[in-house]
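Q: Protein chains in written order, with this note's numbering: chain A, 1 to 307; chain B, 1001 to 1119.
Among these hints, one or two may not hold up.
[What the hints assert, rightly or not] Calculated pairs, DSS-like style, for lysine-lysine (alpha carbon to alpha carbon, straight line, at most 25 Å):
| # | chain 1 | residue 1 | chain 2 | residue 2 |
| --- | --- | --- | --- | --- |
| 1 | A | Lys103 | A | Lys83 |
| 2 | A | Lys40 | A | Lys69 |
| 3 | A | Lys204 | B | Lys1071 |
| 4 | A | Lys83 | A | Lys40 |
| 5 | A | Lys223 | B | Lys1071 |
| 6 | A | Lys69 | A | Lys103 |
[Said to hold, decoys possible] Residues from chain A shown here face chain B by an in silico Cβ test under 10 Å; the list is partial:
| # | residue |
| --- | --- |
| 7 | Arg14 |
| 8 | Cys176 |
| 9 | Pro257 |
[Claimed, not checked] Quick look at which bits of chain A chain B covers, simulated, 3 or more residues with Cβ under 8 Å:
| # | region |
| --- | --- |
| 10 | 107-115 |
| 11 | 267-277 |
No wet-lab data here; the hints were simulated from the structure. Built from N, CA and C at the ideal position, the CB exists for glycine as well.
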Amino acid sequence: MTTVLVVDDSATDRRLAGGLLERRLNWATLYAANGREALKQIELHLPDIVVTDLTMPDMNGLDLVRAMKKDFPLIPVILMTAKGSEEIAVEALQVGAASYVPKRQLALELAQIVERVLSVAREEQSHARILNRLTHSTQRFTLENDLTLALSLVSYLREAVTQLRFCDDTERLRLCIALEEALINAYYHGNLEISSDLRETDYKAYYELARQRVNEHPYKDRKIHVEMRMTREEAAFIVRDEGPGFDPGLVRNPIDPENLDRPCGRGILLMQTFMDEVRFNPQGNEVTMIKRPAAVPSSEPAFREVS
Amino acid sequence: MATSTLYQVERDGNAAIVTFKNNLTTIADSGQLQDLLQQLSDPGITLVLMDMSGVEYFGSIMLETFRDAWKCVSSHDGQFALCSVSEIGREILNISRFDTLWPIYPTRAEALRSLRAGN
């Protein structure tokens, strides 16, 4: 049976919301008078969905949403908003609440919104269960030499890595930064063949040349090829451009105090710092970057199971 | 003062506070970097503060933008600083050793107070 937890410091509102769901949907209902009580109930009973007031003593609705996002990310939360709570409601939606119902519309809208949100959440949970059983994924992309497109790919791959729960938020961010740097290198230095030396002497000329070459042969026809191969043990990202390549050994060390005020090698430095392994092919137009998830205890699978 | 789709520059006396709005990787390619540096080259600006509160992370292009802005304000003996930098942003500044070049403050108010007091 579906279980809903209704959280409100007003006993009347609590009973009204709970009663609506019990009557209309025949669900089991749990109650809590504030966020702190709600977290205890969630831990004990793992409800399917939470409906909460925003303004409450001893942990308000916003703090409850934050805590649930961290510890129970798959249980959806619906806010019950009253006049004067609009700002906090917007913030709660930004941090992860699924939807909201104005208190004055509870009788009309609550059951319908709760059902809709729960249906979407169940679909997401079902996808998450399947993704937890994914053992290998390979995706290949061929991009025009377009920086905006490259950044869209980073965003897409970030989402893919998130869905696969490959590593934690911080490591995912580091992975994305490394990937972005590899794509920037492929774009400017690889396909457009623009050297950092020009950036050092004249940044305007550097970017002018980039804008010019984007429309010129042979640069404009070149592509960026990206491959992501992901297993439980590692994620490999291979980025190849169609330029003549470069010798990574000739890149100046960007953290040498003499080079701090020069535009050199910082992208490669970030790639090397944030990935576990970075290697170039002999031609220097392809980089392979490997990321491994942090070690987990042997009893715990690398891809954490979700309920 | 002037705005762009990627940043906003506010003047506060001799200070220019630059607030960034999003991922900045396209700032250079879009030509907006030149516009920003042009604004910061005003000799009346002796303090440039990069307020990073709206930026989740940044990479080498942003680092080079900081370096350009720092050189620009240094050319007329001005100061350069950053504030409200995310945890990963601080890590990137540390990796690149740029945290040895510029002060980084937790908040904009603290940065302005401290820099104006000459600390």
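Q: Against the structure, test the hints numbered earlier, and report the numbers of the ones violated in rising order.
A: 4, 5, 7, 10
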